[in-house]
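Number of protein chains: 2
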Amino acid sequence: MAKDKKKQSRPKAETPKGFRDYFGTDVTERKAMLDRIAEIYHRHGFDPLETSAVETVEALGKFLPDVDRPNAGVFAWQEEAVPGGGSGDWLALRYDLTAPLARVAAQFRNDLPSPYRRYAMGPVWRNEKPGPGRFRQFYQCDADTVGSASVAADAEICAMLADALEAVGIARGDYIVRINNRKVLNGVLEAAEIREDQAEDALRQIDKFDKVGRDGVLALLTTGRLDDSGARIDGVGLSEVQAAPVLAFLTSKGADNAATLDNLAAAVGGSAMGGEGVDELRQIATMLAAMGVAEDRAVIDPSVVRGLGYYTGPVFEAELTFEILDDTGRKRQFGSVAGGGRYDGLVERFTGQKVPATGVSIGVDRLLAALRAKGLSGAEDHGPVVVTVMDRDRMAEYQAMASELRAAGIRAEVYLGNPKNFGNQLKYADRRSAPVAVIQGADEAERGVVQVKDLILGARLATQASHEEWKSQPAQTEVARNDLVGEVRRILG
Amino acid sequence: MAKDKKKQSRPKAETPKGFRDYFGTDVTERKAMLDRIAEIYHRHGFDPLETSAVETVEALGKFLPDVDRPNAGVFAWQEEAVPGGGSGDWLALRYDLTAPLARVAAQFRNDLPSPYRRYAMGPVWRNEKPGPGRFRQFYQCDADTVGSASVAADAEICAMLADALEAVGIARGDYIVRINNRKVLNGVLEAAEIREDQAEDALRQIDKFDKVGRDGVLALLTTGRLDDSGARIDGVGLSEVQAAPVLAFLTSKGADNAATLDNLAAAVGGSAMGGEGVDELRQIATMLAAMGVAEDRAVIDPSVVRGLGYYTGPVFEAELTFEILDDTGRKRQFGSVAGGGRYDGLVERFTGQKVPATGVSIGVDRLLAALRAKGLSGAEDHGPVVVTVMDRDRMAEYQAMASELRAAGIRAEVYLGNPKNFGNQLKYADRRSAPVAVIQGADEAERGVVQVKDLILGARLATQASHEEWKSQPAQTEVARNDLVGEVRRILG
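Chains A and B, in that order, give the protein sequences. Numbering of the first sequence is given in this note's numbering, commencing with residue 1 and proceeding in unit increments. Numbering of the second sequence is given in this note's numbering, commencing with residue 1 and proceeding in unit increments.
Some hints here could point you the wrong way.
No distinction is drawn between identical chains; accordingly, a pair holds when it is met within one copy or between any pair of copies.
Derived pair list, reagent style SDA-like, types lysine to any residue, alpha-carbon separation capped at 20 Å [to be verified]:
id, residue 1, residue 2
1, LYS17, GLU79
2, LYS12, GLY61
3, LYS12, GLY383
4, LYS354, ALA379
5, LYS12, GLU58
6, LYS331, TYR139
7, LYS31, HIS42
FYI, nobody ran anything at the bench for these hints, they're computed from the structure.
Using the sequences and the accompanying hints, generate a full structural model.
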């Protein structure tokens, strides 16, 4: 070929490592899910916000909230400094939707309502080492209330989260929103007389409760333990007496909220901070009940510890409780799909003023995976009707057929490839998951009829039909040209 | 203040220059518009595609389609080269949705149906000097058919574009899709015996027909002209005899498609290429008619020249023909909101194989501006119902009210700021454009009633009411607590 000499310099047709494309139902299923969530958020008075994907590094801060990702980074570059143009600033892609909210809350603090309820949905970017199932661009879906110190804001977000999960199709009983409070833990640390220099280390160990359980945390808080590989992990050095209230806190979930709150009140002893935390949880429980959110939907649960180190007040997590088969074929609970809590200092970096805020982030990919696992993602079960092309000169007539079908609300397309090989057209229809193929040759056109092929029935017959059934061709029907739409509609059911 | 010493190092709360945020209805109006367009595209058999925002510079190519933006650039950065991690590649944000389509069409050529119809909607980024109304991140909305050389694909896109404009609310008669063909122009250049080394220059001048008109192009093709500032612009150096067929081409629009096609056939003379182009337009006209798209919706119009230099076959442009007032208060037609055409070499860069493609791009911001100008953007005329807080201790009861309203499908929220100053709560309701405020103090609670304030009527009365009318407080009604939802529903109408 004449072009061969250029072969060397051809670019690779690949996304950068860790990036991917979304095709067809990947896009529509996610969109349908986010649309339903947005409707719930909107009904609760939350307004959409879509910030710029690009921020100055200065505004963003080099700060990622998840403490277990110390190597997390951003994609950043420096602008050229051009008079009247580029500023020489360092710019970066947002790594989450909270940092831009902080910038917006500071930038537009005189224009936004206060408190400001906003939701945001969109991609974020992380400059991390890509890995299996670990991408450098992914969706987040957040709702936050900025400027309210009231736990009513937290209760509202928990109730809204439960509503959102039901709106996308998760049945009541298949999820639970669990609520804890960092202040209660602070009270417990106070009651246990844990030194300030030990507190951070203790928090880090408590955060492992999900993984290592009660005895594991006890060991980690005291003398240390061996991990799975046999390596020794040092303990914090607390006495068992000191560790006791912490473990009482983590395991204080009772038969109902009232019992749990009593256990917590005991665990915090005389700590004022702890008492405040328990009181906040009590208020949240009361408000959830008033909003008609029963304890089978959202419940006080002190074993929720993920992110306790990051948040400053109430924390919450939504878990899906139904079982799925994991990669090894074992049953396990689906697990967490959303988390959030109250945090301070959102806009303080910018303005010096503390602004209280609380919010939740739904794990978009995880929730979508859950919907798919339950058959709830709303995927279309077939593609468009394909009008085949037997006679290139009558393309206009084929297009008229497709137009008529569309006018009747039926998804339809004309085959636009080279029509010479009819087999290729049927292969195309198959690849498109077409439910119906429409065929009209010169002979049919002359007689004013059209062949309508039921491809779903055809596929079933191909594997199941008897020879007689097959010969009678029940999957292909000749109808008058004027009955095309009616016949296709009949097949689609 | 103790924090004052930190003041110096506080980051600026600003988007980078040329970037912006979208709030509330900015987001929902655009989304509603794109959802309607997506529905039309989907019904025509187009599948959504959402590519990664980040591409390798190698895959992207440093290539922008709009010839009038020679300084256009991309935002790019180099990855760190880390073993097992970053590749050292240069990465960049996509500058349009076509370059990623080319990469996808090459990368997945064995998996995608062929022809492949796809639509894409999303932000793109341009590293250009920002200016008024000129942003460095903006939305594009494209539909393309890859792998079909048939003009049926072009006709389909023109018909779909007309449908899409009507779907978002543009009335028939308020828009026109105009169709031209680069091959006809090529035929005209051939017929005019224009030298190959003059062709590019001639094309550039023809591209100005929209701006300078017939006589302007005549001058530019021949001896040159003075521009508005009095500066001399050199002509291409053609004779008037050579320029004549070009001008005949540009002004060949007749009373209907048949007349226009006859004029074009005359203008291309004996050129085979020109004849092929006219024949393509004739086929497109026939197919549009068969699809029920009359000439008042899509019409052959050789005066469409924008982008003729870029495209290789049919080109199309959608114009809104209704008048708006421009910045100086003068009436003018709204103008172009979409454009597209047929182009070659989409995936050739990657694979060495020519793959024919045709597509259209809708100017999202311009079309949305048009809908707003016509009052068609579907903006909500009010915000949520605001439940005020007279008594902090009864927050749970206020939340119950909001929950009841939401359960009835009414957007509602509880005031979450500091409730001490009731005036602030009404100011907040005003800022939220709340249609209704709900008020219940201790007195009303005891009596089992609630005050429902019609804020829309209240605002009207504030400017128009007589003193008597005002005193009777018709905008505020006391109803039984159980009638809250009914009363709010009555006010919302």
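Hints, one by one, checked against the model:
no., hint, in the structure
1, LYS17 - GLU79, "between (24 Å within a copy, 11 Å between copies)"
2, LYS12 - GLY61, "between (34 Å within a copy, 11 Å between copies)"
3, LYS12 - GLY383, "neither (31 Å within a copy, 50 Å between copies)"
4, LYS354 - ALA379, "neither (45 Å within a copy, 34 Å between copies)"
5, LYS12 - GLU58, "between (35 Å within a copy, 7 Å between copies)"
6, LYS331 - TYR139, "neither (27 Å within a copy, 44 Å between copies)"
7, LYS31 - HIS42, "both (16 Å within a copy, 14 Å between copies)"
Hints 3, 4, 6 from the list above are not met by this structure, while the remaining hints are.
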